[in-house]
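Peer 1: Modelling step: build the complete structure from the supplied sequences, incorporating the hints.
Protein chains in written order, with our numbering: chain A, 422 to 542; chain B, 422 to 542.
Be careful, since some hints might not be right.
Copies of the same chain look alike in the list, so a pair counts if it works inside one copy or between any two.
Simulated pairs of lysine to aspartate or glutamate, EDC-like, Cα-Cα distance not exceeding 20 angstroms [claimed, not checked]:
# : residue 1 : residue 2
1 : 502       : 425
2 : 507       : 425
3 : 430       : 478
4 : 430       : 447
5 : 512       : 496
Just so you know, the hints here were simulated from the structure itself, not pulled from any lab data.
Protein chains: 2
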Amino acid sequence: MTYEAINLKQKLNLFDETWTPKVIAEMNDYQFKIVKIEGDFVWHDHPETDETFFVIEGQVRIDFRDGHVELNEGDIYVVPKGVEHKPYAEKMAKLMLIEPRNVLNTGHEGGERTAVNDVWI
Amino acid sequence: MTYEAINLKQKLNLFDETWTPKVIAEMNDYQFKIVKIEGDFVWHDHPETDETFFVIEGQVRIDFRDGHVELNEGDIYVVPKGVEHKPYAEKMAKLMLIEPRNVLNTGHEGGERTAVNDVWI
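Peer 2: Here it is, written out as structure tokens:
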């Protein structure tokens with residue numbers, strides 16, 4: 422039997438919209454999600470979990486209340502739980518996010534930027 | 422304050438040896454590890470957890486008792502817990518592994534291929 426791998430860029434080609442994470446795989450109770458981002462997001466935190474950002478393509482800045490981190494292609498960064506952050510990309514960037522199932526993109530902030538959770542692609 | 426991202430390829434340039442996973446980041450009780458592989462590994466499984474493979478460079482085949490999966494650059498694959506598997510790379514390949522802290526590379530098989538765990542780079 423031949424099993425199928427999941428290719429990040431092939432999955433990214435399946436949608437155009439930004440700020441809507443799509444699940445591509447699960448590991449135990451964690452999910453791998455891909456997302457396209459452009460422009461500014463809202464300040465939020467995840468009080469119960471760390472969140473991992475991996476840059477597939479482009480450049481991303483994550484602002485914190487006391488500084489920031491710049492991420493380029495092939496970079497990984499783990500935002501600790503409870504730390505307020507605001508992702509930003511001047512031009513379209515493509516990311517993989519890794520976090521537990523049921524984590525909302527806006528944390529507990531809610532609002533119009535909250536994406537529907539657990540959407541697979 | 423400027424925080425520092427972790428670049429996968431930069432970390433991979435810090436060592437040459439194969440089959441020795443190095444931790445580059447943690448998310449909750451999970452670890453991100455990079456590893457270089459070449460040739461054949463031993464059959465093993467992880468009875469308590471899934472294990473994620475992400476190919477940074479090269480080509481990898483993971484054999485299962487009932488088949489196999491071929492992984493190329495940018496591919497991700499989650500080996501379900503309890504499933505016997507044997508990674509193989511004809512030429513040097515570079516991977517990121519994601520799994521809970523304290524998981525040994527050989528599962529519960531032990532033997533000379535077991536790498537020291539929790540080595541950071």
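Peer 1: Take the hints in turn and mark each one as holding or not.
Peer 2: Against the structure, the hints come out as follows:
Proximity of residue 502 and residue 425 under a CA criterion of 20 angstroms is satisfied inter-copy only: 17 angstroms between copies versus 33 angstroms inside one chain copy. With identical chains, the CA atoms of residue 507 and residue 425 are at most 20 angstroms apart between copies only, with a shortest distance of 16 angstroms across copies and 35 angstroms within one. With identical chains, the CA atoms of residue 430 and residue 478 are at most 20 angstroms apart both within one copy (9 angstroms) and between copies (14 angstroms). In this assembly of identical chains, residue 430 and residue 447 lie within 20 angstroms of each other by CA distance solely inside one copy; the values are 17 angstroms within and 25 angstroms between copies.
Proximity of residue 512 to residue 496 under the C-alpha cut-off of 20 angstroms is restricted to the intra-copy arrangement: shortest distance 17 angstroms within a copy versus 24 angstroms between copies.
Comparing the model with each earlier hint shows no violations; every hint is respected.
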